[in-house]
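Go ahead and model the full structure; you've got the sequences and the hints to work with.
One-letter residues, chain by chain:
Protein chains: 4
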Amino acid sequence: MKKKTSKPAKIAASPALIEDLVAASRILANEGVLDGYGHISARSDQRPDHFIMSRSRAPALVTAADLMQLNPESEPLPGDERKGFIERYIHGEIYRTRPDVMAVVHSHSPSVIPFGVTRTKLRPVSHMGGFLWSGAPVWDIRKVREENDLLVRDRPLGKALAGALGSASCVLMRGHGVTVVGSSIQEAVFRAIYTEMNARVQLQSTLLEGQSSSSATTKRAPSMRQTAARWSGRGSCGARRSNS
Amino acid sequence: MKKKTSKPAKIAASPALIEDLVAASRILANEGVLDGYGHISARSDQRPDHFIMSRSRAPALVTAADLMQLNPESEPLPGDERKGFIERYIHGEIYRTRPDVMAVVHSHSPSVIPFGVTRTKLRPVSHMGGFLWSGAPVWDIRKVREENDLLVRDRPLGKALAGALGSASCVLMRGHGVTVVGSSIQEAVFRAIYTEMNARVQLQSTLLEGQSSSSATTKRAPSMRQTAARWSGRGSCGARRSNS
Amino acid sequence: MKKKTSKPAKIAASPALIEDLVAASRILANEGVLDGYGHISARSDQRPDHFIMSRSRAPALVTAADLMQLNPESEPLPGDERKGFIERYIHGEIYRTRPDVMAVVHSHSPSVIPFGVTRTKLRPVSHMGGFLWSGAPVWDIRKVREENDLLVRDRPLGKALAGALGSASCVLMRGHGVTVVGSSIQEAVFRAIYTEMNARVQLQSTLLEGQSSSSATTKRAPSMRQTAARWSGRGSCGARRSNS
Amino acid sequence: MKKKTSKPAKIAASPALIEDLVAASRILANEGVLDGYGHISARSDQRPDHFIMSRSRAPALVTAADLMQLNPESEPLPGDERKGFIERYIHGEIYRTRPDVMAVVHSHSPSVIPFGVTRTKLRPVSHMGGFLWSGAPVWDIRKVREENDLLVRDRPLGKALAGALGSASCVLMRGHGVTVVGSSIQEAVFRAIYTEMNARVQLQSTLLEGQSSSSATTKRAPSMRQTAARWSGRGSCGARRSNS
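Chains as they are written, first to last, in my numbering: chain A, 1 to 244; chain B, 1001 to 1244; chain C, 2001 to 2244; chain D, 3001 to 3244.
Since the hints were derived computationally from the structure, they do not count as laboratory data. Just so we're clear, the structure is a prediction, and the values are computed from it rather than from any experiment. Please note that a few of the clues may not be correct.
Taking lysine-lysine pairs in the DSSO-like style, the calculated list, with each CA pair at most 30 Å apart, reads [what the hints assert, rightly or not]:
| # | chain 1 | residue 1 | chain 2 | residue 2 |
| --- | --- | --- | --- | --- |
| 1 | C | Lys-2143 | C | Lys-2159 |
| 2 | B | Lys-1121 | D | Lys-3143 |
| 3 | C | Lys-2143 | D | Lys-3143 |
| 4 | B | Lys-1121 | B | Lys-1159 |
| 5 | A | Lys-121 | A | Lys-83 |
| 6 | D | Lys-3159 | D | Lys-3010 |
| 7 | C | Lys-2121 | A | Lys-121 |
| 8 | B | Lys-1121 | A | Lys-121 |
| 9 | C | Lys-2143 | C | Lys-2121 |
| 10 | C | Lys-2083 | C | Lys-2010 |
| 11 | B | Lys-1083 | B | Lys-1143 |
| 12 | C | Lys-2121 | A | Lys-143 |
| 13 | A | Lys-159 | A | Lys-121 |
| 14 | C | Lys-2143 | C | Lys-2010 |
| 15 | D | Lys-3121 | C | Lys-2121 |
| 16 | A | Lys-143 | A | Lys-159 |
| 17 | B | Lys-1010 | B | Lys-1143 |
| 18 | D | Lys-3143 | D | Lys-3121 |
| 19 | A | Lys-10 | A | Lys-159 |
| 20 | D | Lys-3010 | D | Lys-3121 |
| 21 | B | Lys-1121 | D | Lys-3121 |
| 22 | C | Lys-2083 | C | Lys-2159 |
| 23 | A | Lys-121 | B | Lys-1143 |
Derived coverage of chain B by chain A (criterion: at least 3 residues anywhere in the stretch with Cβ under 8 Å from a Cβ of chain A; other residues may be distant) [what the hints assert, rightly or not]:
| # | region |
| --- | --- |
| 24 | 1115 to 1127 |
| 25 | 1148 to 1156 |
Think of the CB as a built atom: it goes at the ideal place given N, C-alpha and C, for glycine as much as any other residue.
Now the structure itself:
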């Protein structure tokens, strides 16, 4: 018997956004970008100062019923008693600072973490990582708050992270992970997957001779309208949209 | 409700070719050679100046209904309004230049990309990669067109790539991926899989001492008549031929 | 026809502990921490000087019916004729020495083994590995018994290993594997998974420049109450608890 | 409609051996030791100068109906018109030379190949690889036959390989793969899996400092009676024996 938990009858999001967000969470888990933790959110398409995000749950298990509506302070609607992710302030403060951002992925993307604990810069080595030309700054929480557990637990920390992101597509978090943004759920999923892939390729390239410099790729990235459809064929996504 | 899209009633290809091509697309996705993007095509066995290739779709999801017939200019038949892959010109220009080529795979094969952004040459380290004795040239799109997004978007770029391929079995594309050819769908699948495997082994060999030189393997490669049958047992291929 | 093997009618453990322990074994197999060997145990929640552990069986196959109750000498109850794991003495001696430990995982965690055969110390490079601040000592069985097969086959060897663990969260075993402890099944699963992940990231970081020193992470680790629920969504766990 | 191919009504092997051999083929494919190629055989338990091996087929697809009985010359029984593996001479010549060998695995085990194209010796770094204390010689086909395609296509090449194996547990084949032997199907499966694992760990250890020397492990390896049962829980094995 499950414990009944109060939640609002409806969240301010279109059925398409809900379906895409659930699929995105499962796709990112399936691709190994999200592990048992990590999360993706989307700006509400009905109330743009709010955003939609799962309650605290394994990304591979997220369903539409798990989604919560969070206000500009990253807090749930009155009456929604479910436990949200502690790090939801990452999302809220980025949405506040970056009106162009429609979706945010925070992950422990495994191949990216080494670039957050060394001096080597993550940089595009493939056209799929072309968005990294925006830069991939490394944020060090210690510069903001000496006493910390590396988690972005409140608005001031979220604001500092958003500041470090600036106008880039992703920001690395020292000894923790990475946060990637996009102008759509599809683009955020695409970038999260190819940030991981680009990092892995860059790591491997260090084994070879004469690694090419910053001119490795052009600055124009392919357009990514169909990303979720691309990835939904890989693995057991419980919810997905038709891609015809 | 799906939007009805016009397509021709029939494409110029035998049922066997269609079945093999669909299985090949899924096999290559399953083996990690194709990610959400990338594509395989086959020269038509009924109209050899045309070739068969999926509409723009995730390789893991391709079905017979997604296949399109493309003419020598890499354009769809009149009345086929479906969106093809932008990079179909890779395929068309190779079929034009190389009458011996019956199938083409273009991928972002992850372990191969490092060899396209460094000076280290991809070379055969195992007999399964023996076809790499043909050479594995690296093509740099910038030499052809300074303003580019690394995609082969038109016939002139496709022609330049086909020129770089020459008589080899594969051509690396700097900061992008690789294109592999074969005298059959089976051989192209085999070569695409073992180009990836050979690259991974070569990368790992750099960690050891006294890596052997170009004499690593003999120049004769095993014959590969049953390749698709070999791989179809691995993973969830929706369409495959009996291999008895 | 299966051979009937005697076992006790009931073991001293709550249904919740049994369910969690079975799920944990399968989760750890699914995550690649346990291979065909390795094991997880839990201190009995009904008789704290005893512990619960599978009979000798592949971790991916463990069911509630495979669990055995072992006494403080790591021996089965009278009448239980099933074959236990040889290395159950690892568990028993740690429970004896460390009253705070409620669960123990012994594995051949693949990325951890290199740190047991070199001089490089495993150290936290991500907040998920923050528990490694407790240290990750390497135990060398040869210091205790010159004639050995690297297995902890009896109580004296188990006691020596427990001594090497001290108050840490994990102890590496030279040329063998690692043993990880936790204050709950959930925490032990979490730590086993992130010891592997942390080791992999640390290995990869050696390829980059200017690897950061021991200040890589803070000493506070995230709390891990929901670990099993987090991981149960990944893969084919035959037994799991609802996580609502 | 399948083409009817003649085969003998019965092969000289017990039901248990047949079941284990089929499971072993699928387990080794599932564990990534066998790719689309490679094979495992077992000495007949009814006619010890003969051995049992699949017809030429993907290891992941092998069923009991695919098994062939091969004579001391590695040739099929009269009337069996099915196509065998070209490299069956590896197996036949080892069975002839090594009466203690009951099963043989030939694979392109990916992490092992680097040790066949460099001067670094594969050596035990974990107790699971303790059998490598027998040595892991590298066989170079060129020393026997200058004109070759790296395949062991006939009895003389098989005999030369068996000579290089000597009394060891495995023999590497330069630029090709590895052949592993065991005193049972279970032991051969165990050794094939841990040769791959040991190679991977040794490769990774090169990234760390002060890799320990040949004293990495003791010379006694664990006994492996239950190996197939251990692995059968991992992945989709179509045929397996109960392990109770």
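Hints versus structure:
1. C:Lys-2143 <-> C:Lys-2159: holds (13 Å)
2. B:Lys-1121 <-> D:Lys-3143: Holds - the C-alpha atoms of D:Lys-3143 and B:Lys-1121 are around 27 Å apart, at most 30 Å.
3. C:Lys-2143 <-> D:Lys-3143: Judged against 30 Å, a Cα distance of about 44 Å means the pair is violated.
4. B:Lys-1121 <-> B:Lys-1159: holds (23 Å)
5. A:Lys-121 <-> A:Lys-83: Not satisfied, since the Cα-Cα distance of roughly 36 Å exceeds 30 Å.
6. D:Lys-3159 <-> D:Lys-3010: holds (28 Å)
7. C:Lys-2121 <-> A:Lys-121: Satisfied, since the Cα-Cα distance of roughly 24 Å is no more than 30 Å.
8. B:Lys-1121 <-> A:Lys-121: holds (24 Å)
9. C:Lys-2143 <-> C:Lys-2121: holds (19 Å)
10. C:Lys-2083 <-> C:Lys-2010: holds (17 Å)
11. B:Lys-1083 <-> B:Lys-1143: The given pair, whose Cα atoms are some 29 Å apart, holds under the 30 Å limit.
12. C:Lys-2121 <-> A:Lys-143: holds (27 Å)
13. A:Lys-159 <-> A:Lys-121: holds (23 Å)
14. C:Lys-2143 <-> C:Lys-2010: Roughly 40 Å between the alpha carbons, so the hint for C:Lys-2143 and C:Lys-2010 is violated.
15. D:Lys-3121 <-> C:Lys-2121: With Cα atoms ~24 Å apart, D:Lys-3121 and C:Lys-2121 stay inside 30 Å; holds.
16. A:Lys-143 <-> A:Lys-159: holds (13 Å)
17. B:Lys-1010 <-> B:Lys-1143: This hinted pair is violated, its Cα atoms lying about 40 Å apart.
18. D:Lys-3143 <-> D:Lys-3121: The given pair, whose Cα atoms are some 19 Å apart, holds under the 30 Å limit.
19. A:Lys-10 <-> A:Lys-159: holds (28 Å)
20. D:Lys-3010 <-> D:Lys-3121: Since the Cα atoms of D:Lys-3010 and D:Lys-3121 sit roughly 43 Å apart, the hinted pair is violated (cutoff 30 Å).
21. B:Lys-1121 <-> D:Lys-3121: holds (24 Å)
22. C:Lys-2083 <-> C:Lys-2159: Cα-Cα ~22 Å, so holds.
23. A:Lys-121 <-> B:Lys-1143: Status holds; Cα separation ~27 Å.
24. 1115 to 1127: Result for this restraint: holds, n = 5.
25. 1148 to 1156: With 4 residues in contact (Cβ-Cβ under 8 Å with chain A), the coverage given for the region 1148 to 1156 of chain B holds.
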